[in-house]
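Number of protein chains: 2
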Amino acid sequence: MAPPTEMRFSGWGVEADAGELSDSVIAWLEGRFAAKLAQPVAPPRAAEVRLGKSQSSKRILGELAARVGATNVRTDHYARLTHCAGKGYPDLLAMRSGRKLAAPDAVVYPGDAADVRAVLKTCSKQGIAVVPFGGGTSVVGGVTPLRGEFDSVIALDLSRMRQLISLDAKSRIGCFAAGLRGPELEHLLRARGYTLGHFPQSFEYSTVGGWVATRSAGQASSGYGRIDEKLLGARLVAPAGDLKLAARPASAAGPDLRALVAGSEGALGVITEASLEISPAPEVTRYEALMTPSFSAASEALRTLEQEGHTADVARASDETETEMGLAFAGIEGTRGKLLEGYLRGRGAGSGALVILGWEGASGTIDARRRAALRILKQEGAVGLGAGAGRAWAKRRFSTPYLRDHLLERSVMVETLETSTTWSNLMQLYRGVGDALTAHAPIVGCHISHLYDSGASLYFTFIAQQDRGNPLGQWQAAKDEACDAIVAHGGTITHHHAIGIDHRRYLKAEDGTAGVSALRAVKKSLDPRGLMNPGKLL
Amino acid sequence: MAPPTEMRFSGWGVEADAGELSDSVIAWLEGRFAAKLAQPVAPPRAAEVRLGKSQSSKRILGELAARVGATNVRTDHYARLTHCAGKGYPDLLAMRSGRKLAAPDAVVYPGDAADVRAVLKTCSKQGIAVVPFGGGTSVVGGVTPLRGEFDSVIALDLSRMRQLISLDAKSRIGCFAAGLRGPELEHLLRARGYTLGHFPQSFEYSTVGGWVATRSAGQASSGYGRIDEKLLGARLVAPAGDLKLAARPASAAGPDLRALVAGSEGALGVITEASLEISPAPEVTRYEALMTPSFSAASEALRTLEQEGHTADVARASDETETEMGLAFAGIEGTRGKLLEGYLRGRGAGSGALVILGWEGASGTIDARRRAALRILKQEGAVGLGAGAGRAWAKRRFSTPYLRDHLLERSVMVETLETSTTWSNLMQLYRGVGDALTAHAPIVGCHISHLYDSGASLYFTFIAQQDRGNPLGQWQAAKDEACDAIVAHGGTITHHHAIGIDHRRYLKAEDGTAGVSALRAVKKSLDPRGLMNPGKLL
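Residue numbers (the working numbering), protein chains in the order written: chain X, 291 to 828; chain C, 291 to 828.
Calculated from the structure, these hints are not laboratory results. Incorrect hints may have been included.
[Said to hold, decoys possible] Calculated pairs, DMTMM-like style, for lysine to aspartate or glutamate (alpha carbon to alpha carbon, straight line, at most 20 Å): (1) K390/C <-> D313/C; (2) K668/X <-> E771/X; (3) K348/C <-> D441/C; (4) K460/X <-> D743/C; (5) K798/C <-> D532/X; (6) K460/C <-> E598/X; (7) K798/X <-> D532/C; (8) K415/X <-> D532/X; (9) K460/C <-> D532/X; (10) K460/X <-> D313/C; (11) K814/C <-> E598/C; (12) K685/C <-> E598/C; (13) K326/C <-> D313/C; (14) K460/C <-> E573/C.
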């Protein structure tokens with residue numbers, strides 16, 4: 291099996307997909323900043339980034355190579371460089387900082403669960419920290435190669451483990467090796483008539499193991515469910531032994547241990563396989579856009595949609611700022627004119643909130659679902675913008691991370707954070723976090739992207755001219771204040787980005803002292819020496 | 291608030307609801323046994339049951355009374371008697387055995403979470419085991435007053451804690467005190483236009499706290515969801531501190547600790563409140579019965595129903611034996627003639643498998659759902675028996691436990707056990723467990739009662755003439771062999787009855803060594819001295 295395409299170390303994805311920063315984005319930002327953007331500064335080349343020296347001894351490397359094969363233990367500059375960070379804003383800053391970066395002493399590529407077990411045994415014996423590495427797309431520091439109390443750290447890259455292990459069509463269960471990425475997994479399933487229906491923005495590069503480890507949610511999770519809801523069974527290889535949970539529809543045999551695997555963030559062990567609920571591949575996929583009078587009207591409409599059982603598979607609503615930003619940025623795909631035309635027709639010169647709905651399923655069922663949903667939206671004053679605008683959103687969906695890279699080259703900070711809360715608290719949380727961010731960034735947009743009967747997620751994007759003297763400090767100040775506001779207003783510290791390093795100090799607000807202690811006890815039980823992803827989660 | 295009605299110590303529910311054993315049941319059993327039933331032996335009166343002497347010291351009782359009030363610390367015979375067992379078959383045998391029974395040394399009735407905290411503090415200091423007691427309906431030994439390594443044990447009866455703490459209608463979340471029983475909870479919700487939709491067979495006596503502690507599923511859980519799926523937030527008061535989880539729709543903040551509260555079985559702490567997803571009270575509730583050619587045809591029909599999104603809120607299918615038993619027993623409500631007539635019309639003299647469907651919801655939505663479901667069932671050869679037969683089932687639903695008591699008086703053993711597995715494994719598990727039980731009981735029936743996309747539950751009832759010389763040994767042999775068969779055929783050891791004492795030795799088959807160790811670590815963290823419900827779950 292050919293190895294999967296590696297992402298650029300200095301930004302998202304691959305060069306060929308990156309595109310260019312459009313004039314419309316530049317013009318809109320310069321208008322908002324009332325200033326010209328800085329001239330582009332290209333990221334460094336790989337050879338220019340300095341890494342700390344590898345601490346691995348020949349003897350230990352030999353022991354690992356004896357197990358997984360010599361070619362699957364790498365200590366070369368490029369392997370270490372591409373495993374020394376995730377894709378958060380601080381990661382991108384680090385790559386451009388000129389500082390000597392901490393990197394894993396080696397990158398080890400196990401071929402199966404037995405390999406993982408053997409590597410953990412060696413690392414346990416030798417006192418080496420292990421950072422499980424799936425797609426490397428964490429935006430919260432989840433794959434940063436921290437050593438904890440150890441002298442050495444390896445990245446355990448699961449990209450060789452990419453099998454569809456089994457498919458139980460009758461029970462609609464797929465068992466997947468942890469290193470499978472989104473497109474490859476969907477390709478395997480679609481060939482058999484199925485889909486996982488899991489499409490996070492990182493879809494093209496993130497993996498099954500990463501999704502489960504971070505309790506990922508995808509764009510269609512309102513329809514297909516979050517990854518933790520789809521998790522029926524799993525294997526987590528831990529230093530103390532395997533936690534093997536057979537795929538079962540439901541049980542009352544004490545606490546559900548699947549919930550310890552989901553969200554384990556590499557800190558309890560290595561997820562090597564996951565059994566997930568799959569669905570028939572949709573006959574039809576239809577996206578559409580509507581304009582509503584306001585974000586609060588859109589929110590009410592989506593709440594009614596969800597609670598009355600008419601949820602779209604994809605259901606999103608942007609606030610007024612994000613809507614304006616979306617209209618300005620849509621120029622990238624050339625559909626700006628169409629969007630804007632519909633927008634102006636619907637609202638005159640006023641503001642509005644864009645709603646995206648996506649429908650997936652059997653061709654016969656979608657019409658009735660759509661009709662019920664559109665009736666509700668129209669009661670809240672929504673005006674349809676048509677399927678073209680919806681498709682434009684869907685097309686742009688996986689390319690937005692590239693925009694952040696382009697803007698970073700022009701000294702613009704773009705960062706996102708997300709939370710969820712109950713419907714009754716949603717607008718209060720929205721305003722609280724928005725106020726906190728407005729002190730740090732002139733542009734703060736937000737959208738609802740995941741619906742539940744009891745509440746919804748909020749996803750914030752904030753954009754500011756970079757403080758070139760102290761870009762990390764600038765980011766940290768905004769992030770801290772936003773996180774404090776999330777906690778103060780009763781939101782969860784993360785709806786789908788996970789804890790990693792960045793949210794660690796908020797875990798106690800979420801789980802309480804007793805809860806964090808219980809999790810520490812679980813970690814101690816599964817990972818007595820504390821090898822696994824030190825400094826993350828707990 | 292008036293205290294709730296206490297169940298009879300020697301059997302299910304209250305005398306007034308018990309009814310009588312009908313001639314049709316007697317005749318059918320005598321036919322199957324080819325023997326007359328034994329003459330009735332009434333259970334002992336309360337005063338006749340001997341209990342071990344209370345070990346509580348005056349000083350400790352005084353300390354507890356100082357906190358919760360003197361009237362809320364009881365050591366009288368009746369209080370101790372009604373808290374010395376649940377409602378499993380071994381519990382009923384014990385009451386009739388003439389043996390001196392182990393009973394809690396005192397029964398303590400806390401008024402709120404602060405009371406619970408204070409009681410745990412005293413018990414921790416003094417070394418007293420604590421058995422949380424909700425409705426006392428456990429059928430797996432969950433409330434048996436084991437002392438573990440301690441000299442003394444109390445039952446902590448939560449029946450004073452019966453408030454609807456809050457209702458967030460916009461977010462569809464109710465927060466309930468743990469001691470609320472089913473009917474009282476539904477009464478509070480229906481008055482406000484809502485329902486929890488949770489109706490286990492124990493509904494009339496079991497409590498919110500008990501449902502969460504045992505990961506309960508109710509008759510309508512195919513529609514409304516299991517209690518663990520409805521659990522949005524909770525408070526668990528543990529000796530080491532409170533685990534307080536705010537009600538949230540979803541989060542990715544590490545492992546979901548709600549999954550440690552659900553299924554905790556009193557062994558980690560005392561659940562004092564739970565925030566649960568609620569639903570609008572249904573405008574219409576409609577039950578109906580159908581006869582299908584065979585259990586496997588019925589199973590296939592229910593699988594299609596579920597996987598194509600046309601699930602009824604209540605969806606059950608009895609195998610041929612249970613169908614025959616149901617038809618014979620339905621005579622109790624006088625609907626036997628009607629059922630039988632339809633049955634014979636549909637199938638001639640052959641056998642069949644009864645399907646019950648229940649629909650709840652807005653009046654406008656049920657017709658379309660029914661049509662889609664009936665189309666699928668008819669493709670599998672189902673014949674409608676009408677709404678009368680469905681209503682007869684629903685009416686009988688909560689009275690079946692009384693039948694077991696009546697039969698026990700006639701020296702007939704009636705016991706049930708349940709499991710779940712994937713659709714692809716369902717019939718294999720069905721046959722495996724059936725074969726194991728057939729060696730111990732001439733009558734073994736089974737039904738599917740909970741549907742999931744990936745599989746379903748199986749609920750077995752087995753009936754035999756009691757071995758009067760060794761009734762407990764007879765039960766244990768059947769139970770052991772059935773449980774071994776469940777594990778051997780890949781089922782979960784319990785779908786909704788929980789672990790308690792009876793399933794403890796199978797937990798390792800479910801969770802593995804690493805999983806059980808992790809749970810022990812959680813217990814050690816929350817309950818360092820091991821006070822909480824010793825000998826249960828872990």
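Results for each hint:
no. : hint              : verdict
1   : K390/C <-> D313/C : 35 Å, violated
2   : K668/X <-> E771/X : 37 Å, violated
3   : K348/C <-> D441/C : 15 Å, holds
4   : K460/X <-> D743/C : 9 Å, holds
5   : K798/C <-> D532/X : 13 Å, holds
6   : K460/C <-> E598/X : 12 Å, holds
7   : K798/X <-> D532/C : 13 Å, holds
8   : K415/X <-> D532/X : 17 Å, holds
9   : K460/C <-> D532/X : 43 Å, violated
10  : K460/X <-> D313/C : 44 Å, violated
11  : K814/C <-> E598/C : 44 Å, violated
12  : K685/C <-> E598/C : 29 Å, violated
13  : K326/C <-> D313/C : 12 Å, holds
14  : K460/C <-> E573/C : 19 Å, holds
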